[in-house]
Amino acid sequence: MKRFGNISLILPLVLFLCGVVIDLNLLGGLFDNAPLRYLREGLITLALILSLPIIYSQRWASDRNIVRGLRSLFALILGTFLLLLFSDLEPFAAESISTGHNVLYGSMVTYLILTAWTLFSTLFVLVILGTLRNLIFIKQKKNTALHFLLLMLVLVFYAILSVFTIGDLTVRFSYKLSGENIGYILLFLVINLMVLNSFRVGWLNFLNRRQKLTLFWGGLVLVPVEWLLYMKYHTSNPAALFSPVLGRFVDLGFLFLSIYITMAFIALISRLPTATLLDRQYKQLSSLHSLSRAISSEFDLTRLAETTVDLALQVTESDSSWLTLISAKGEDRLAAARNLSPDELATGVPQPIAAWGLAQLQPKLINQVGKSTLNVPLSVWKRDVQSVIAVPLKSAEEAVGCLYVAKHIEYGFEQDDLDMLRAFSEQVVIAIRNARLVESSLVRERLEEELRIAHNAQMKLLPKKMPQLPGLEIEAVCITANEVGGDYYDFFPIDANRLGLVIGDVSGKGASAAFIMAELKGIMEALAPKNDSPKSLLLAANETLYRNIDRNIFVSLIYGIIDARDRLFRFCRAGQCPILLATCEAAEVQVLRPSGMGLGLDGGSAFAGAIEEIQRPIRPGDTYLFYTDGAEEARNPRGEEFTEIRLVALFQRHHQKGPHEIIDRLVAEINAFAGSARSHDDLTFLVVKAV
Amino acid sequence: MENFKVVRQDGVDLTTLKIIGFLDAHTAPMLEEAIQKLIDDQKVNILVDFKELNYISSAGLGVFMGFIEEVRSRNGDIKMCSMSPKIYRVFDLLGFPTIYQIFDKQDEAAAMFLKDSAAASDE
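In order, the protein sequence lines correspond to chains A and B. Here the working numbering is used: the first residue of the first sequence is 1, the next is one more, and so on. Here the working numbering is used: the first residue of the second sequence is 1001, the next is one more, and so on.
By construction, these hints were calculated from the structure, which means they are not laboratory data. Even for Gly, the Cβ is constructed at its ideal location relative to N, Cα and C. Fair warning: there could be bad hints in the mix.
[Claimed, not checked] No more than 27 Å apart at the CA atoms, straight line, and that leaves these computed lysine-lysine pairs for BS3-like: (1) B:K1005 with B:K1037; (2) A:K465 with A:K521; (3) A:K329 with B:K1105; (4) B:K1043 with B:K1105; (5) A:K139 with A:K283; (6) A:K329 with B:K1037.
[What the hints assert, rightly or not] Which chain A residues stay away from chain B? Per the calculated CB distances, all over 12 Å, these: (7) V21; (8) V67; (9) L149; (10) L196; (11) A267; (12) S296; (13) E398; (14) F554; (15) H660.
[What the hints assert, rightly or not] Okay, the calculated bits of chain A under chain B, using three or more residues with CB under 8 Å as the criterion: (16) 544-552; (17) 564-577; (18) 596-605.
Generate coordinates for the entire structure from the input sequences, incorporating the hints supplied.
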């Protein structure tokens, strides 16, 4: 569909019609009224000039859809040619010759046909010039606009000059510079400008190989057709009969079109041999771009590997491709593959091939597998490979993996493919590195989240408030280290007067320790009300625990029962640190270390034999300090441990204070000792003081 | 990360593992690997020499607990020797001496292995 943009053709058409009106009057009777004829010509010329903007707003081939524009052009030219072929304009030419430059229209029908032809061919040329302008302006350079403008100016000027051929008007400036001579000079100039502008065929580069071939066959038809059209029109030129200005304008338009498409055709032929190469290069570039896009946001290693083998296969037009990745442990495994059979996938890449692929961390190409060292291993694993490329993926001189592509034919690959894949591999390595970073940071996040959950769970297991027993003050604290430790303390009211207490720690750290601690709490809660004797509780607890936890996990704890009414304290030490006891009678702190064994180490008899139960009366002033190994093992920046000795000395100094204050002092001293060193174990204290 | 090393010394009747440095949750896998290898090699008379061990955590203790049953079921044993007082205290508090034979000197341990095997062949 022809589109004239926003240019209003109304004014030109009006002017044109005025010209027609004059014609009709002339037909009526005023043949030789020269001024009127000049006026008519002037109006028509003005109409032409006002229509010129169409050239600058034509839409064919302007939106980079060159093929569509060319197709329209082709259709238009062919259509016009056929139209011209089958319409009979010879009689008009004959008539014009016989009457000289004064046109006698003969009949109304003739006049109408001529008018129609003129209108049509003028519009035709305007559309053509617009289309050619668009083509010329693709890949515009500095002088493109200037050259085209010059062409248009000279062309229109030259066309307008033919006004002077109306009547017998000939301009003679001098002998040498006659009107005719000026005409020749201008013609020469205009043809040169046409040729100059016809070099602008850069749009050919935007066609792919298939399109170029189509254009070639089309051109073989179109170029001769256009020249025939031009020559036919040139000789019969109906437009010239109507108006010399339009006639010359149309004639020049046809000439320019012929010259342009001929030059374009020649340029096309010269580009055909390299069309395939250009196509490949373009495809490679766009594949590289696709890969960059696809992998820059892909953090899943599997999908990344699959995208890589897909694109590698496509861009090299291979029959199969596969990618190996080297894990953190150094194992080389097949990460993704295209067109590998299930057997080949199951076997994985054989060692000789992998060794060849990674050798010297350089890309390699073998075009005749049969004659190479790879022949045997490759034929055993994958029989149909005749050409293969391997590109190691390397990061900082270390192999991260290897990318392979293979074809069934010999000499299937060129240096081009190797270079292409090398560029690929650099992108892929970056993406792999990113994917692994993201993965490890995700892992780290998951771990931290796990530790947070475990820590919260651990805190929930500890008692919310200290128990109240007559004549006793009890205080406890658990200060967790950065990593989740396994320390635990708890209280179990057995009845109104008796209270069970436990302090202990689970071996190991992290979420698993928290789980076992929860299990332990459950066991203790269940057993405490049923056991008067700490030893019997521990025997039962050990049996359950031994059955339920891994062999390499164990629990060390102290369990005691305070009888507030009878003022008795019974306790056992199942592998936990010794108990410190300060009394009013003794000047020195005692270190109580009943025999014992950790829970979960032994299934029965050894444990029973090892556990010793101690029973002591509770006297006023008796102060018991229970602690876990975090206190002994607290380290200072020099690596020294706090040790039991310092702890005993500290307790010795402060045991007369209230439990809360004792604990505060202990914690403060240990923190001061540790200084800037990071604590790596929980710090737990439990103090029972008889008042 | 602290340093840890396991040095294996194959003997006639037993294999000695010298453990050196810090044995904690990070380095415990190294010891695990070493003991597993001994079991795989059918070397079930294992003597662990603690002379140059500076520290052991519950994870380190757990490694021995994890293997002792299997080693003993194959008529072997894990015996220990040359512990520093500090290290020995850790084992002692937990009651390990009831489960493991812990010696002051290597040769005492070696002698015990011989005695064990003699006893076994008597049965």
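Worksheet item: Honestly, which of those hints from before does the structure not fit?
Response: Per hint list: 3, 14 violated.
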